[in-house]
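Number of protein chains: 2
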Amino acid sequence: MTDTATRPETPAVADPRLGEALKVALDGPYHPLRQKARDTLTAAEILRDPTLSVDEARAWTLAALQHLATKGYGNTGFALPGQAADPATVVTGFEALAHGDLSLVIKVGVQYGLWGGAIEGLGTDEQVSRWLPDILSARHLGCFAMTEMGHGSDVASIETTLTYDPETDEIVVDSPTPTATKTYIGNAAAHGTSAAVFGQLWVDGTCHGVHCVVVPFRTVVDGTGQDLPGCTSGDNGHKGGLLGIDNGTLRFDHVRVPRANLLSRYGGIGDDGSYSSPISSPGKRFFTMLGTLVRGRVCVGAGAAIAGRRALSIATRYALRRAQFPGPDGSGETLLLDYRWHQRRLLPGIAKAYAFGFANNDLIHLLARSRSEEVDDLFQRSLESRAAGLKAAQSRWANDIVQVCREACGGAGFMTENGLTLLRSDVDIFATFEGDNTVLMQLVARGLLTGYQETWTGLDRRETMTKTADLVARMVLERTAGRGTVDALVARARRVSNEASILDRGWQVLMFDERERHVLESLARRYQAAMRVEKAQRFAAVNELQDHLLTLARVHTDRLVLGSFVAGIEACEDPAAKRVLNTLCDLYVIDNLEGDRAWFIEHGFMTQARSKSLTKTLNRLCAELRPEALALVEGLGVPAEWLGSRMLED
Amino acid sequence: MTDTATRPETPAVADPRLGEALKVALDGPYHPLRQKARDTLTAAEILRDPTLSVDEARAWTLAALQHLATKGYGNTGFALPGQAADPATVVTGFEALAHGDLSLVIKVGVQYGLWGGAIEGLGTDEQVSRWLPDILSARHLGCFAMTEMGHGSDVASIETTLTYDPETDEIVVDSPTPTATKTYIGNAAAHGTSAAVFGQLWVDGTCHGVHCVVVPFRTVVDGTGQDLPGCTSGDNGHKGGLLGIDNGTLRFDHVRVPRANLLSRYGGIGDDGSYSSPISSPGKRFFTMLGTLVRGRVCVGAGAAIAGRRALSIATRYALRRAQFPGPDGSGETLLLDYRWHQRRLLPGIAKAYAFGFANNDLIHLLARSRSEEVDDLFQRSLESRAAGLKAAQSRWANDIVQVCREACGGAGFMTENGLTLLRSDVDIFATFEGDNTVLMQLVARGLLTGYQETWTGLDRRETMTKTADLVARMVLERTAGRGTVDALVARARRVSNEASILDRGWQVLMFDERERHVLESLARRYQAAMRVEKAQRFAAVNELQDHLLTLARVHTDRLVLGSFVAGIEACEDPAAKRVLNTLCDLYVIDNLEGDRAWFIEHGFMTQARSKSLTKTLNRLCAELRPEALALVEGLGVPAEWLGSRMLED
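The listed protein sequences derive, respectively, from chains Z and G.
Position 61 of the first sequence, counting from 1, maps to 61 under my numbering, and the rest follow consecutively.
Position 52 of the second sequence, counting from 1, maps to 52 under my numbering, and the rest follow consecutively.
Keep in mind the hints are simulated off the structure, nothing from the lab.
We put the beta carbon where it would ideally sit given N, CA and C, even for glycine.
One should not assume that every hint holds.
What the hints assert, rightly or not - Per label pair, the in silico range of CB-to-CB distance: (1) G:A529 / Z:E20: 39 to 47 Å; (2) Z:T51 / G:G82: 29 to 37 Å; (3) Z:Q537 / G:S372: 54 to 62 Å; (4) G:G209 / Z:E20: 44 to 52 Å; (5) G:R369 / Z:E641: 50 to 58 Å; (6) G:R446 / Z:E454: 40 to 48 Å; (7) Z:E20 / G:A540: 24 to 32 Å; (8) Z:L378 / G:A323: 31 to 39 Å; (9) G:T179 / Z:D49: 24 to 32 Å.
My request is simple: use the sequences and hints to build the entire structure.
So this is what it looks like as structure tokens:
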């Protein structure tokens, strides 16, 4: 076997059914839901004029939210008493709108996912019945007021106080300092009338940690409302993107609300004025409450990936019609996509878009399971970790690939009417909100370290190594689908890894597994050492590991994504689509390994020769996929009518 | 010697004079010019309200251009008959304005650099006298109309025709097809009244290639002007950034201008109606005319770098005041810049900003020499190549680092009032205009290949290797300053390279040199093979080398930049600043080598162990520079009053 094995030749004329078959495969179990959105939403409903001012954009976004509510977009799939949650509907609904204006989809996210989600996730059945129906009909617009000026990522340190006053049976909401001001809050500047306000709950002189209370703060919805007494709203004003979202600030000066407004599913105050909670550990209670944010992270990651798909659809279609420079033989001009570097810019991005698509399908599946059956702590932690890792990976990728696409369209890419620049500005903040990527990745890595330590405590070095092999096996098993296939592939690759072709899927999976295992093991050793240093030096010692933590989160997420890709291919029933998906998977893997090849050589997993062959193979795979380029972007599932790109219209 | 040698400890309390000393060193020979700008321009003159609409932004930008013209900003240093060009004044003037609004600086670039520059560079003395004074006073606003809808990077293929009519002694300017429409032309949508129009010159049935003619096309300057007969202007409308620039389209329907409007320095039509040119080869004439664009590329590269400096100044200052999360010992919150990853995000960027700064100083010096003395073809080619490479490298870097800075400021970074988002949108197009980066990098690489082939033709392999050693020596000598130092360093490193510390400057320079040499040699071999294949297959064969070409351009430019950095340190007279610059240079180099370490291992220039030590050293250098962070950004020379960042004001 050689490192650049020959593959079956691609047909000279592209198969017109290929794009459709790829789309069905990538949609996976959610094809009916996703196709329905493509068939029923129109470009006019979801795309806005990208040149609107802040005020105009806010007004359009509110109107679009309200219009879509009447059609059941964005507001279906939520749990009401007597009606089970349907997370797949929520997430695919969010995805559908993410094909259009990103302000609109974030407005949906703020109104239903965050404001509604706080009630749904943290409220009692009575509270859900009381508030959620009007929220889902977009009659009662509101805010998710967690972030404070002084405390973004560090939620546990927020300063807002929620103090129970037994005299009046009320909760007193207060912002004791300027840094306690809530900020960047969607719906706060103009449209919201109530907020789910997070703060430290004090009952009878004891602080019970972060809780959430519903606070009415403004009279009317339409942007002309007045602040209620004690409430002060502000406007964050112009932003780098998402101009349709009215982000603002909220301050509370001893504002009183009834005790019944304290969202009490995980902790509340009884008629006797005493605090009680079904979760005795304050730490566990805090993380359980934060755990209800997981659906938002799934949505934001998936939405960012859709933005990437959209940009790739525009840039690839443009590269298939735009010619530049005659060939060296003086013959007709060359299509942009026939240039090697243009292929290298766009095609690995398309492969990654597919990879993330399959990974999101699995994530939605896990999310749905967590709502429909009793799952244990390990399952929940693993779901949260996967959602955090994929949110970070996809929003990073979306930012990068949208910029690549903009540049790949040259000057035309910079003209707003061609659809890329608004996408670029709007997707930017996806790297920061719903959890800053750097912080999320550290959460992922710390979770892996914890799991590792729980398994490993008290083992000596030799036992550790045996256990590690088990762990790798378990990580493989943990995959949501395609287990048998992956296991067989890896088992075979383990026997032949030295000679295996770099296009052997088993070898590829093994490399992703081994990389994660090695990075985790070495980090765990360093972490244990860091925790043994004196307390005064410990911050410095742990801080030294931060880049290592981020690497672990990245390679862990890469491994999960590849597992989903392999499973997705396994589930594909169309032979032509399956063949192309296999090549895309190769491209995804080789691009990933090529980018990290220094690590693989440094750690003895690859020879220099094999490493060099990766670049060659990367180029060859791009050339091989070039004839299918149109079908590849059709498979990404963004309807051509939704692209809103003037340069593709003539 | 170890790979991570200990350096002198940095003082616990930062030296207040360090920032000033670094600034003086980085300004280099242009310190007086640059400091004058800092002392005389005010924030109000150069910063605009970032929330303006397209019309408001255009009006502000025009007014600011006109105001600054009266103060001599942007419009000084141009060549007039009897007045020598002063490129250093032009470039540093452009840089000064690039600290403010990027629309303003590009308006300046369009009006003086491109429109004025076309006259200055391509016109006869008489034509310069006729037009340039009113252009430099901003009374006569105009356009540089080169790019066409069908032809951006490929200037030689533009379709506009300039046909000499001997009957009337006029030039007939015509856009024969829709793709001949000029587009993305600054000043075309509203403010310009004339354009320097590029097209194919036809005289008596013979095409003499691309020439330029001055065409009046609109009545008045103020945005209410009417198109003149036969001229049709259009508006490119809203863009991803640079909203203050009125980019538009221009079409000509057999528009007649006097023969005297043909810019004739490099080719004109005599009174007898015949064409003549001081440059007989049409190819050489074309490239000589394009060569006048070099100053624009120097300006755009430098301007992009200033945008990067500005973003780094904002993000670093924010990271020195913003705390988040208590340390693991529960003590006070930690400043963002004390986190390792935050250091890794920002400090290598600062090192690169310094590296580019020194490289720009050298480039300005070369540009000034090319205008003040007779330089040969090799000098001119080397100047153009350096300008192209640095434009591509700096605009790529600026795009990346501004985004990094935005994200490093979290949600605050996304608020327009904090100064990063406008920078992000405005700097985007720097990667495309004044030569698309991908195209420019291929020019750089092709130039190197040509030079290599001129030297090498007819040599056998053994001779080639000897010659190559000479070439490397020549490349080192080619440095504009610090030759002795660099030579001595490299000579020493050659003797000890296996044992040399990675902080040994000679070893570092050697690695940059060897990388370029190796990439060039292997590309030359592949290129020769590609040129031997049959003509029908040749495009494919050359296309296969495109990624290799881009690598060559990158590593070549990296080598030039390092040479300038070394020379800049050599010239620094302040011991404290010199010490810090040395550490910054280490950080620049190690960051560069770390990013490319796979290549170095693959090609036998580094062991795995040395490669691994790069990451460790990178982290350590960041930690070492952390206490000087404020001085480092002060040294970047962006006055705090010009930052326009609300979050830094409290």
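Okay, the hints, checked on the actual structure:
no., hint, result
1, G:A529 / Z:E20: 39 to 47 Å, "42 Å, holds"
2, Z:T51 / G:G82: 29 to 37 Å, "48 Å, violated"
3, Z:Q537 / G:S372: 54 to 62 Å, "59 Å, holds"
4, G:G209 / Z:E20: 44 to 52 Å, "49 Å, holds"
5, G:R369 / Z:E641: 50 to 58 Å, "57 Å, holds"
6, G:R446 / Z:E454: 40 to 48 Å, "58 Å, violated"
7, Z:E20 / G:A540: 24 to 32 Å, "31 Å, holds"
8, Z:L378 / G:A323: 31 to 39 Å, "34 Å, holds"
9, G:T179 / Z:D49: 24 to 32 Å, "27 Å, holds"
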